[in-house]
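Chemist: For reference, the chains in residue letters:
Number of protein chains: 2
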Amino acid sequence: MNTAETAPQAPTDSADTMETPTGGRTVDWENPRVAAILMAAAKCFARKGFSATTLAEIGKELGLRKSIVHYYFASKAALIHEVQSFTYRKYLEQVRESIASGAEGGAQAALQSLWDAMQSSKTATGLNIEVWSAARRDDELKRRAAELQQDAQKLIGEAVSGALGIDQQRFTRLDQLSRLLLAVVNGLSVSESLDGDEVKAKQTYDLFLEILRSGIESVK
Amino acid sequence: MNTAETAPQAPTDSADTMETPTGGRTVDWENPRVAAILMAAAKCFARKGFSATTLAEIGKELGLRKSIVHYYFASKAALIHEVQSFTYRKYLEQVRESIASGAEGGAQAALQSLWDAMQSSKTATGLNIEVWSAARRDDELKRRAAELQQDAQKLIGEAVSGALGIDQQRFTRLDQLSRLLLAVVNGLSVSESLDGDEVKAKQTYDLFLEILRSGIESVK
Numbered sequence: 057m058n059t060a061e062t063a064p065q066a067p068t069d070s071a072d073t074m075e076t077p078t079g080g081r082t083v084d085w086e087n088p089r090v091a092a093i094l095m096a097a098a099k100c101f102a103r104k105g106f107s108a109t110t111l112a113e114i115g116k117e118l119g120l121r122k123s124i125v126h127y128y129f130a131s132k133a134a135l136i137h138e139v140q141s142f143t144y145r146k147y148l149e150q151v152r153e154s155i156a157s158g159a160e161g162g163a164q165a166a167l168q169s170l171w172d173a174m175q176s177s178k179t180a181t182g183l184n185i186e187v188w189s190a191a192r193r194d195d196e197l198k199r200r201a202a203e204l205q206q207d208a209q210k211l212i213g214e215a216v217s218g219a220l221g222i223d224q225q226r227f228t229r230l231d232q233l234s235r236l237l238l239a240v241v242n243g244l245s246v247s248e249s250l251d252g253d254e255v256k257a258k259q260t261y262d263l264f265l266e267i268l269r270s271g272i273e274s275v276k
Numbered sequence: 057m058n059t060a061e062t063a064p065q066a067p068t069d070s071a072d073t074m075e076t077p078t079g080g081r082t083v084d085w086e087n088p089r090v091a092a093i094l095m096a097a098a099k100c101f102a103r104k105g106f107s108a109t110t111l112a113e114i115g116k117e118l119g120l121r122k123s124i125v126h127y128y129f130a131s132k133a134a135l136i137h138e139v140q141s142f143t144y145r146k147y148l149e150q151v152r153e154s155i156a157s158g159a160e161g162g163a164q165a166a167l168q169s170l171w172d173a174m175q176s177s178k179t180a181t182g183l184n185i186e187v188w189s190a191a192r193r194d195d196e197l198k199r200r201a202a203e204l205q206q207d208a209q210k211l212i213g214e215a216v217s218g219a220l221g222i223d224q225q226r227f228t229r230l231d232q233l234s235r236l237l238l239a240v241v242n243g244l245s246v247s248e249s250l251d252g253d254e255v256k257a258k259q260t261y262d263l264f265l266e267i268l269r270s271g272i273e274s275v276k
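Protein chains in written order, with our numbering: chain L, 57 to 276; chain F, 57 to 276.
Careful, some of the hints might be misleading.
Restraint-style ranges between C-beta atoms, simulated for each label pair [said to hold, decoys possible]:
no., chain 1, residue 1, chain 2, residue 2, range
1, F, Ser270, L, Gly119, 17 to 23 Å
2, L, Ser176, F, Ala92, 42 to 48 Å
3, L, Ala202, F, Gln225, 53 to 59 Å
4, F, Lys256, L, Ala134, 29 to 35 Å
5, L, Arg152, F, Val275, 27 to 33 Å
6, F, Phe227, L, Gln164, 22 to 28 Å
A few chain L residues facing chain F, derived, Cβ under 7 Å [stated by the list, open to error]:
no., residue
7, Ser189
8, Gln232
9, Leu263
Just so you have them, the derived chain F footprint on chain L, three or more residues with Cβ under 8 Å [stated by the list, open to error]:
no., region
10, 192–200
11, 245–254
12, 264–274
These are calculated hints, taken from the structure and not from any lab test. Here a beta-carbon is modelled for each residue, glycine too, at the ideal position from N, C-alpha and C.
Excised from the complex, chain L in its bound form (with noise of 0.2 Å):
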């Protein structure tokens, strides 16, 4: 076997890309080849679960050896927290500018936003069910996946209070405002991969949108 020929590139190749937003973080979503594994190991968890996934398929979506996707991350169990944070923040950033873009046709289209980023992003939704399951027996799983839910509803927060006139200073319930709209999107996508009824997935969140347009006032 010719080593030098699956030699994975030098980290110093993405050195000027190493400062990334997040900061702190060891390994570099900037790296064009590392966000390519970590999209093609999103995939494949979507797909096949984390535990019947190995390295050396990620690698060959890809056309790389094993050897270079380990050069990356150390170990599978490395790659899955990875790759939970990774397909998370896109997807949030995903809800942030379609919430942004709808906000301009009007507040209550966030709220529709927050549906549609859902709907695009199948493989975020998978990955999610994949996660939660896992983040039972793994406990930096649950620590990402926490934190990743905090940031979430943070978003949602703002997104809905927007939505729906409701005063920030004021409203002293927006935490569990913002839990409970991630719970209806998350638990609906829970019904909806199991009976694979979108149309009756879509029904329920407008039902919802309109029982909480009109009973919010009574709690605020």
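We have chain L already, so just place chain F on it with the hints.
Modeler: Leaving out everything else, chain F in the frame of chain L:
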């Protein structure tokens, strides 16, 4: 090895209980040994997940040899399918009872009972999360899960109609409303499993009920 010692009970041992209310099943839930295996399996699966749990471990929980577990369940897949149906049916029975006794204490209590049932059966909610993940790659598990979801929604629909004074003949969106309630309970069980915050989960459910009670008037 003395195989005679490990010979499982002949199925005729429980011939008098072979006719179970659900009918048509080949696995006899009324057989005490079958029920014990299913309960032990539910605990093991909820703790370690499906792929990391062996039939031998499940037998060990009960002091039974793997061969006996195998006598009743031809494969781990068959056991997983049956555990999911068995546990969820028992859980739904509990919800039904809880709602019935809650209803005596006023209609609103029925909605509270839904929450209490979920909180009281951590094995069922843990197993649920495992099922959502595994069902993505197991069509039979998915089919059963979708069917159980239907049953749960039906049960919730009846409870919620009573609690919110909904006329089932006139209200055309009961299906969506039930789906929404199940999604909220499932979604909140996910966020609670990630951050372990039972108090916030409960506060969020209470906020949902407040919004629902007030907001439902506008869509009835």
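Chemist: Now tell me if each hint is right for this structure.
Modeler: Do the hints match the structure? See the list:
1. About 57 Å separates the C-beta atoms of Ser270(F) and Gly119(L), a value inconsistent with the hinted range of 17 to 23 Å.
2. Ser176(L) and Ala92(F) have their C-beta atoms about 46 Å apart, which keeps the hinted 42 to 48 Å range intact.
3. Taking the beta carbon of each, Ala202(L) and Gln225(F) are about 44 Å apart, not inside 53 to 59 Å as hinted.
4. For the hinted restraint 29 to 35 Å between Lys256(F) and Ala134(L), the CB-CB distance of approximately 30 Å keeps it satisfied.
5. About 30 Å separates the C-beta atoms of Arg152(L) and Val275(F), a value consistent with the hinted range of 27 to 33 Å.
6. The beta-carbon spacing between Phe227(F) and Gln164(L), approximately 24 Å, falls within the hinted interval of 22 to 28 Å.
7. For Ser189(L), the interface hint holds, the least distance from its beta-carbon to any beta-carbon of chain F being 4 Å, beneath 7 Å.
8. Interface hint status for Gln232(L): upheld, as the beta-carbon distance to the closest one in chain F is roughly 4 Å, under 7 Å.
9. The restraint placing Leu263(L) at the interface with chain F holds, with a minimum CB-CB distance near 5 Å, inside the 7 Å limit.
10. Under a criterion of three residues with beta carbons nearer than 8 Å to beta carbons of chain F, the stated coverage of the region 192–200 of chain L is upheld, 3 such residues being counted.
11. Three residues within the 8 Å Cβ limit are the bar, and the region 245–254 of chain L against chain F gives 5, so the coverage statement holds.
12. Coverage of a stretch by a chain is defined here by at least three residues with a beta carbon nearer than 8 Å to that chain's beta carbons; for the region 264–274 of chain L and chain F the count is 10, and the condition holds.
The structure fails to meet hints 1, 3 from the earlier list, while all remaining hints are met.
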